[in-house]
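Student: Put chain U on the given structure of chain P with help from the hints.
Letter by letter, the chains look like this.
Number of protein chains: 2
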Amino acid sequence: MSADTGHNFINGARSAQGHTRLQSFDANTGEPLPGFFTEATQQEVDAAAKAAATAYPLYRAIAVGQRAAFLDAIADELDALDEAFIETVCRETALPAARIQGERARTSGQMRLFAKVLRRGDFFGARIDRALPDRQPLPRPDLRQYHIGIGPVAVFGASNFPLAFSTAGGDTAAALAAGCPVVFKAHPGHMATAERVASAIIRAAEKTEMPAGVFNMIYGGTVGAWLVQHPAIKAVGFTGSLKGGRALCDMAAARPEPIPVFAEMSSVNPVIVLPEALKERGASVAAELSASVVLGAGQFCTKPGLVIGIRSAEFDAFLDELARQVNAQPAHTMLNAGGLCNYADGLGRLREHEQIHALAGRPQEGGQAHPQLFAADAQLLIDNDPLLQHEVFGPVVIVVAVNDARQLEQALQGLQGQLTATLIAQPADLDAFAGLIPMLETKAGRLLLNGYPTGVEVCEAMVHGGPYPATSDARGSSVGTLAINRFLRPICFQNYPDNLLPDALKNANPLGIQRLVDGINTPQALGQ
Amino acid sequence: MSADTGHNFINGARSAQGHTRLQSFDANTGEPLPGFFTEATQQEVDAAAKAAATAYPLYRAIAVGQRAAFLDAIADELDALDEAFIETVCRETALPAARIQGERARTSGQMRLFAKVLRRGDFFGARIDRALPDRQPLPRPDLRQYHIGIGPVAVFGASNFPLAFSTAGGDTAAALAAGCPVVFKAHPGHMATAERVASAIIRAAEKTEMPAGVFNMIYGGTVGAWLVQHPAIKAVGFTGSLKGGRALCDMAAARPEPIPVFAEMSSVNPVIVLPEALKERGASVAAELSASVVLGAGQFCTKPGLVIGIRSAEFDAFLDELARQVNAQPAHTMLNAGGLCNYADGLGRLREHEQIHALAGRPQEGGQAHPQLFAADAQLLIDNDPLLQHEVFGPVVIVVAVNDARQLEQALQGLQGQLTATLIAQPADLDAFAGLIPMLETKAGRLLLNGYPTGVEVCEAMVHGGPYPATSDARGSSVGTLAINRFLRPICFQNYPDNLLPDALKNANPLGIQRLVDGINTPQALGQ
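Respectively, the protein sequence lines represent chains P and U. The first sequence runs 0 to 527 under numbering that gives the first Met the number 0. The second sequence runs 0 to 527 under numbering that gives the first Met the number 0.
Hint data in this document are derived by calculation from the structure and do not stem from the laboratory. One or more hints might be untrue.
A pair holds if it fits inside one copy or across any two, identical chains being indistinguishable in the list.
Unchecked claim - BS3-like, lysine-lysine: derived pairs with alpha carbons at most 27 Å apart:
#1 Lys-49 - Lys-505
#2 Lys-505 - Lys-442
#3 Lys-278 - Lys-115
#4 Lys-115 - Lys-206
#5 Lys-49 - Lys-442
#6 Lys-206 - Lys-505
#7 Lys-115 - Lys-49
Note that the structure is predicted; figures quoted are calculated from it, not measured.
Excised from the complex, chain P in its bound form (with noise of 0.2 Å):
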């Protein structure tokens, strides 16, 4: 262990000037790992924003080709860390070992793609309008378009994904992909993976010439609100709790200059479950859905949470095999002892709950999390009750069935926001229920067919979003290429001679990149 181990990384230097002390722990044992990290002080936090400011007009500066070769260099590192290190992941995470490899391909393959993003240069939304020097009448001075980075992002990492949401995760991807400094803040939960993987990436900015304070990361609690609240941040990403993240939103609400917040937070998820497909296949059904369910502990932001369908011999005997599913489920660790105490209260608010009961699994108690399948009455989502909407996070899940097609209806106009919305359904029930799939795109980021939300897969056509509360702002995506327009603001130049204009807007278009001109997309150069 190096003599600066659990310091927090400052413009490209180590530094532990606080008092506050924090230990990460093993998630299986709840035994403190060794070693300690040092809460960052006011004045780290603030020094960690300054560097990221001072790095910004330097970074994005740095040939396109350039920065995607730093992207490629984090993945390179990635993809080096030993076993020591996946073994302390799996420590602090008490996720399996293959889990974490996956992650870590995950993790390393986003920044390649974002890499790849880079060079096919169509992120920089290039337009140019030539000059119409006659027209009446007025002429029209040559105008053109392009995105750079919003500046500084404050980036905050995931409980669930130690990897691929966190230090080196999607929103940072996306946010050095589009020329924007990062300041991290490192979950406690998973502080030495933290550093590990900080470390990887400061490795990398060194290997390929970036300026000190590109990627800053940070240690502690109340640090995150300073974060925010920086006039050098520009934007935030987040990933956690729906009351972290409003918190934080409106925080950067309410700072002297209001800046955006990108945050992840709450989702039930909704499957249902259509007719015909219950009988074509209700019992198969029931199991994969459970294996859903229960997936990495249940601890997926698109855990399916939500099942509904409309009440018939075949779903009860769907339920009955979902319910028996669910029983045969073993007790799962979770990521820490505050995600169990969070599971355990969540399942306490169902089971008072009036119009909720219990269909199977054992009662919550000791270290570990069991299963569980609560069904719902379906006037709760009629009429909007909260606790339906509420994520459990944790191998959960709520079924509600309604009495027909008019029902549901009802039942999903009440639903709130989603990342995902899904229908198992055979072809006639498509042609019975296509007026559903309009509805649900109001709904949700991600509609699936036949399929489980858990699985996000990084690509360019991904949607990791959707409305309120899902996350804060219906427009972007947290996972997949277009992640990256979060933290792009266009800029337009009037007059400007070619030699001032970035690459991307020159007539000779040496980046050979697409762009609209005078409303035709094209890679063509354009005569001088």
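Tutor: For chain U alone, kept in the frame of chain P given last:
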């Protein structure tokens, strides 16, 4: 005058349930114009928002070509408005007929431009990642992304553009283009104009068979808060003062479901006059600049309000000429009595400041605005003095002399966010001051060279936006086709069959649009 003149426009009908009657005034004489406008009640605001919400699923389901036809029909109706309409606008705003005719052409032109955007279809942002069933370790599902309108949009009209930033203005056009029904709050300064324009939109909606409630308009003052707080409203467009815009932002952020607000607010639009340009053409720059300052009585968001130059004999001569030009300008009638009052207040604050001195212009008195020139100490900019950053709406400009290039950079660093930043420069200046350009990029939405910021071209490449307080969200533009993006959100379909996908995502590409397919931009259809 028809029987329901002055009634609110709700769900395709007219409504006047309230008892508060408002009047419009002749901007030149201050005399009330004939007729009354009935302030909407809270029930009517609720009805308007609900009408928009009811229209939303119907409107967004309409084929994009028909939506384009609706925009074209609005443009035709605007162009067909008679001379009496032009006279009404002139009376309500004291703007000359030629300006209003030009503004009408701009307003109908931007409707037609958005229709073109709809037909081109790139606003869909269509992306397709095809299934990879044989991928290891896990197959990739078929994933397809496009964008839909975010939901009903509340639009607040601007005082200074009775047509182009009002009832059928840029925000309304962008929202309708995006597939979002609109509830428009008429500006109290030109309610008769709003009435004629709203009627034109309704005629177009009826002719093209749009759903009732696609466009609604309400009169009144306090109605704005009810509108922004209404749960059916999903985004807000606003053009006006910093105080008004910020109040709406705060209100929207405090809702149970926060919504995005795109407020275009306050900008002093710095013009930096560089040494060689002053040597070469100082006198003509002074003449052009003063013309830009007084254009439209200085009532443009992009009025150059701050001029910065390096002390020299040429700069002194430029200031003398600028003072002569400002003294030679006639007084101007402002849009309304409130505007004149605010102008006088703003001038008063400048006069009271110890480090700001009047250089030219007659004392402000009477019923018209007198053009004014002030000089401020450079240290005020460096120290971020709020008075120098605060837009004074009207024909006033402040000059700041800096000692040298270094102080120029310091002064510019002190600037808040701006809609525009202008360099007046010879090629030799651009060599010497090239470092200013990347810095100005971080301050403004549009960078001009040897032009003046008034006159905002409506086109693909325009950015009318910028960091706070120029706007509430630097990632948007309220002029040009990029404005549509503010009101769109992404949706992803996973494993949907071709027949259930929207046209934009179908294999055959029936819209013939550009799409990102497996990471490659192409208009090609996909094999089944």
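Student: Output the indices of the hints that this structure fails to meet, ascending.
Tutor: 1, 3, 6, 7
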